[in-house]
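Peer 1: Listed below, chain by chain, are the residues.
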Amino acid sequence: AQSVTQLGSHVSVSEGALVLLRCNYSSSVPPYLFWYVQYPNQGLQLLLKYTTGATLVKGINGFEAEFKKSETSFHLTKPSAHMSDAAEYFCAVSDGGNQGGKLIFGQGTELSVKP
Amino acid sequence: DTAVSQTPKYLVTQMGNDKSIKCEQNLGHDTMYWYKQDSKKFLKIMFSYNNKELIINETVPNRFSPKSPDKAHLNLHINSLELGDSAVYFCASSQDRDSEAFFGQGTRLTVV
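Residue numbers (the working numbering), protein chains in the order written: chain A, 1 to 115; chain B, 1001 to 1112.
Since the hints were derived computationally from the structure, they do not count as laboratory data. Take the hints with a grain of salt, since some may be wrong.
[Unchecked claim] Listed below are several chain B residues computed to face chain A (Cβ distance under 8 Å; list not exhaustive):
#1 Met-1015
#2 Lys-1019
#3 Leu-1043
#4 Ile-1045
#5 Ile-1056
#6 Phe-1090
#7 Asp-1098
#8 Glu-1100
#9 Ala-1101
#10 Gln-1105
#11 Gly-1106
From the three backbone atoms N, C-alpha and C, an ideal C-beta is built for every residue, glycine too.
Chain B extracted, bound-state conformation (with noise of 0.2 Å):
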């Protein structure tokens, strides 16, 4: 069974469009995130969620809003992609605030 799975795994859209990328933990824990790895690999935290509740927003584009159903969830809905938006996005987990985070496989968002 796998941790922290994300579907998909590729995404390749246009600009302009709206897309959404799930993210599901098995691992019981609290606390969620959604990382971003730009080009050269450098990786930044977009969003963290805690019991459901979004406890840091770093300074992202309001078109990217994350949602969290439950504790097991956190998916991200981009809208009006751009092409500055291609990357991979990486969605985590861990038991809490102060625990190690596990990551699922990436999704890899190209724009053309």
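One chain only, chain A, in its complex shape (with noise of 0.2 Å):
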């Protein structure tokens, strides 16, 4: 079985100040791992992936992760935070196809950026 654990279900950072918003992930198999992202009485937006490869991916609107085998790890990152950003943030792993492809949650996490 698959799992994601977010820590803080909500962050707050300044304008322009680093943003860390931490994913754990569980699975038995070798994962893919998502960010998402949603803005207010809206779908999710895919912000970036990590499913083989280079274990640092680049994502849109300036975020980062990096996958972490040894930590189970999947932390989203970005340098400047800019107003623009708060939102409520998801982070999901599946098994790569072999469960129909169906995407496990975390709790999510909430962003909010002061001016």
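Each chain sits in its own coordinate frame; assemble them with the hints.
Peer 2: Written as structure tokens, this is what we have:
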């Protein structure tokens, strides 16, 4: 079985500060890992994904994440927060299609950005 | 053009009613999904279809019945609506079962 834990249901940073959203996963098979962002009253938008290969993946809007197998982590970072980054962020894991492609989501982290 | 579109965006209905949510994707994807987001924003898969064939049914009550008339459409019909069905329902699609999913805007269902 797979699972995802996001540490911190709410993170608040100042504009221009580093953003760090934490995600740990559990998987008995090599995981596929994703970060999605959800703006109010909207659907989920893919920020970035890790499947195989390079463990540091870059996504849209200046976000990146590093897959660390030894720590079972896939934390999301951005060097400098912008007001427009305020949203709900979801980390998700799948097993690459063996279970029909379903995503197992973490509980989400709400990011607030203070001016 | 919207990649994954759902209708309606909002749905308010009384307990006991039957309602449907429609989903269409114009991405040419083979796999489509329904996810439910509860009031605490937790997302959980309900169903997955691949080439019109049901491949995932995550212990959803049989009041929920998905129907895929073709690869581009996956509709969700709900019978005898209950208060606990109130949630946001998201349709999604992916090229295949190991690709990222693209989500629709969601349908906010409120049962009163």
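Peer 1: All hints are to be evaluated individually against the structure, with a verdict given for each.
Peer 2: Evaluation of the provided hints:
1. Met-1015: violated, 25 Å
2. Lys-1019: It is violated, given that the least Cβ distance between B:Lys-1019 and chain A is near 20 Å, above 8 Å.
3. Leu-1043: holds, 4 Å
4. Ile-1045: holds, 4 Å
5. Ile-1056: holds, 4 Å
6. Phe-1090: holds, 6 Å
7. Asp-1098: This hint holds: B:Asp-1098 lies near chain A, its Cβ roughly 4 Å from the closest one there, short of 8 Å.
8. Glu-1100: holds, 5 Å
9. Ala-1101: Check passed: Cβ of B:Ala-1101 comes within 6 Å of chain A, closer than 8 Å.
10. Gln-1105: holds, 5 Å
11. Gly-1106: holds, 5 Å
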